[in-house]
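J.: Please work from the sequences and hints to get the whole structure.
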Amino acid sequence: MSAARARAASQGRLAYMLVAPATLLILLIYILPIITVLVMSFTDYTLVSDYFEFIGFENYAKMFTDSAFLNALENTVIYAVIFLPAAFIIPLVLALMIQKRKQFRSILEVLYFLPVTSTLAAMSLVWGALMDGNQGALNELLSSFGAGPVNWLGSEGVVLISLALVAIWSVIGFNMVLFLAGLTTIPTRLYEAAAMDGADHPLDRFFRVTWPMLGPTALFVAVISSINAFKLFDTVAILTQGGPDHASEVYLYLAYLEGFEYFNMGYAAALSLFFLLIIFVFALIQTMFADNKVQY
Amino acid sequence: MSTVVHTQKPSRLSALLQSVRPRSLSDAVGTLVLFIGGWIMVFPFVWMISSSFKPTYEVYDPDFTIIPKTFVGFENYAGVLFDQPYLRFMFNSAVVCLGILIVQLVTAIPAAYALAKLRFRGSTIFFGTVIASITIPINVISIPIYIGLVQIRMLDTYFAMMFPFLVSVFAIFLFRQFFKAYPDSIIDAARVDGFSEIEIILRLILPAAVPAIAAFTVFSLVAHWNDLYWPLIVVQSQDKMTATLSMMQYQSDFDTDYGRTFASAAVVSAPMVIAFLFFRRLFIRGITMTGIKG
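First to last, the sequence lines map onto chains V and F. Letter by letter, the first sequence follows residues 1 to 296 of our numbering. Letter by letter, the second sequence follows residues 1 to 294 of our numbering.
Just so you know, the hints here were simulated from the structure itself, not pulled from any lab data. Backbone N, C-alpha and C fix where the C-beta goes; we use that ideal spot for every residue, glycine too. The reader is advised that the hints may include incorrect statements.
Unchecked claim - Computed beta-carbon distance windows for the label pairs:
#1 F:L87 <-> V:D204: 55 to 61 Å
#2 V:Y262 <-> F:R191: 54 to 60 Å
#3 F:V106 <-> V:R189: 31 to 37 Å
#4 F:F35 <-> V:I227: 30 to 36 Å
#5 F:T256 <-> V:D204: 55 to 61 Å
#6 F:R191 <-> V:R205: 36 to 42 Å
Unchecked claim - Quick partial rundown of chain F residues pointing at chain V, CB under 8 Å, derived from the structure:
#7 I67
#8 T70
#9 F71
#10 Y113
#11 I125
#12 F126
#13 P137
#14 M248
Unchecked claim - According to the in silico footprint, chain F covers these stretches of chain V (three or more CB under 8 Å from chain F):
#15 80 to 87
#16 184 to 198
T.: Put into structure tokens, the structure is as follows:
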């Protein structure tokens, strides 16, 4: 008995040694910074001066009267509304088309997944050229149909659509693979059973079997895509820097500017925490629904 | 593709042709649609490679041809690799990515093993902290980490570029799930045979965890090679510039030679794209792993 207890004690000691490095780093990288961000969000700290005061909820109150913040929030929501339906539906349709195919499947996977692995910052340069307002390939294409030219990145009304197009291009393969994984978990006997009940038409099969069974995957894709939409940063930094006239200044880009260009650290901290709150809400939605829906 | 076909025997060739024959009209239409979509997906890459071989005046030529009319590919790529500091940028990216990956593995694997297979007080709190930290993106903790790095005068160092990513809470979670599935009976048998816990990790768990480690490796390398946000904050000199961050320079008139500009874009995106073409399955698994955990 005492040997077992000694064994348990030594196992405990060993466990602490094994988790110690990770614990230390989690403290330094996550816990301490989160506490600091929280405290900082109640101050008017700027990196430029060492002197700061606690100003209570002023930073949070400022957010909802700050036209830059409201503009950034609005831009992000508009962008998400353009981005999300396409980022969901196109990959779903592609996954349904590719799923049963043996021929060409690998080559199609490569073609559609290539943008996911590629460096978005570098490909943004390419998209900037394709979307050039004068001689870009997209305008050449439009003019061959007698349309255009469109000032893709230079027009306030179009720039969010253009950024959404690039983001959709870069995410299609990712969401498609998630849908493909979801589709393979649907047992074929369900389709056989549906066929016996007279659901022969592909649309019938989709709405009676595929869509209900795909619920958890669909929810996951929707949540992760929403979070992605709020994380928009790279293409803005490379292509528009928030312009023209703040029309593409989205949430994270504004938080970056406030923190690291204007050095309003206190205000930027409040913006960061509000961002975290948004992410938490999405994560919460996912866990709430995921628990209910995973029963087959 | 053609080289593959040439090496086939005639009978194999006809079998191959048989296998790619569409089975019905709707099948053929579907294939056509999928390939048109695929062409749209790869067109930016085709355009990039094509432009990287062209002189500046041809890049924005309205009469676009995939094959350059004037081929200056060697000049453009030599310019990027030898006149401009791109080898340095690539080296910096590689150092940072590999440094991050190694520390992530070294810290996550032991912690995950302890969580999965050992009993210790506080394990629930530790695991809860790990789960909570997974949802925290770098953008939220960047300000205090930046200020900390300013205080210790470490901005613009490899350490600063790696620091926020040295522990991957996602890796701890992932490996814990993986190790949990490893049969306890084998571990108990090994303990009876006199294996120490360290030996169990090194000789039993690690070899069994190779698929998970490989997938995580891809996930980590791709994420940090492509990261723009954090290098933008902590890198200040050309000396520490990463490949991805160097793309920011082109928003001003850093280089008015557009052929060379797209040669540099091609060089920066090449490592991940080439690695993907070689390890397709692993890449797809690694990158979408966050999705499959369920």
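J.: Each hint: holds or not?
T.: The hints, checked one at a time:
1. F:L87 <-> V:D204: 55 to 61 Å: holds (59 Å)
2. V:Y262 <-> F:R191: 54 to 60 Å: Holds, at about 59 Å.
3. F:V106 <-> V:R189: 31 to 37 Å: violated (46 Å)
4. F:F35 <-> V:I227: 30 to 36 Å: At 31 Å between Cβs, range holds.
5. F:T256 <-> V:D204: 55 to 61 Å: holds (59 Å)
6. F:R191 <-> V:R205: 36 to 42 Å: At roughly 52 Å between Cβ atoms, V:R205 and F:R191 fall outside 36 to 42 Å, so the hint is violated.
7. I67: violated (16 Å)
8. T70: Hint on F:T70: violated, closest Cβ of chain V at ~17 Å, above 8 Å.
9. F71: Status violated, d = 19 Å.
10. Y113: holds (6 Å)
11. I125: violated (10 Å)
12. F126: Result: holds, 6 Å to nearest chain V Cβ.
13. P137: holds (7 Å)
14. M248: Result: holds, 6 Å to nearest chain V Cβ.
15. 80 to 87: Violated - the segment 80 to 87 of chain V has 0 residues with a Cβ nearer than 8 Å to chain F, which falls short of three.
16. 184 to 198: violated (count 0)
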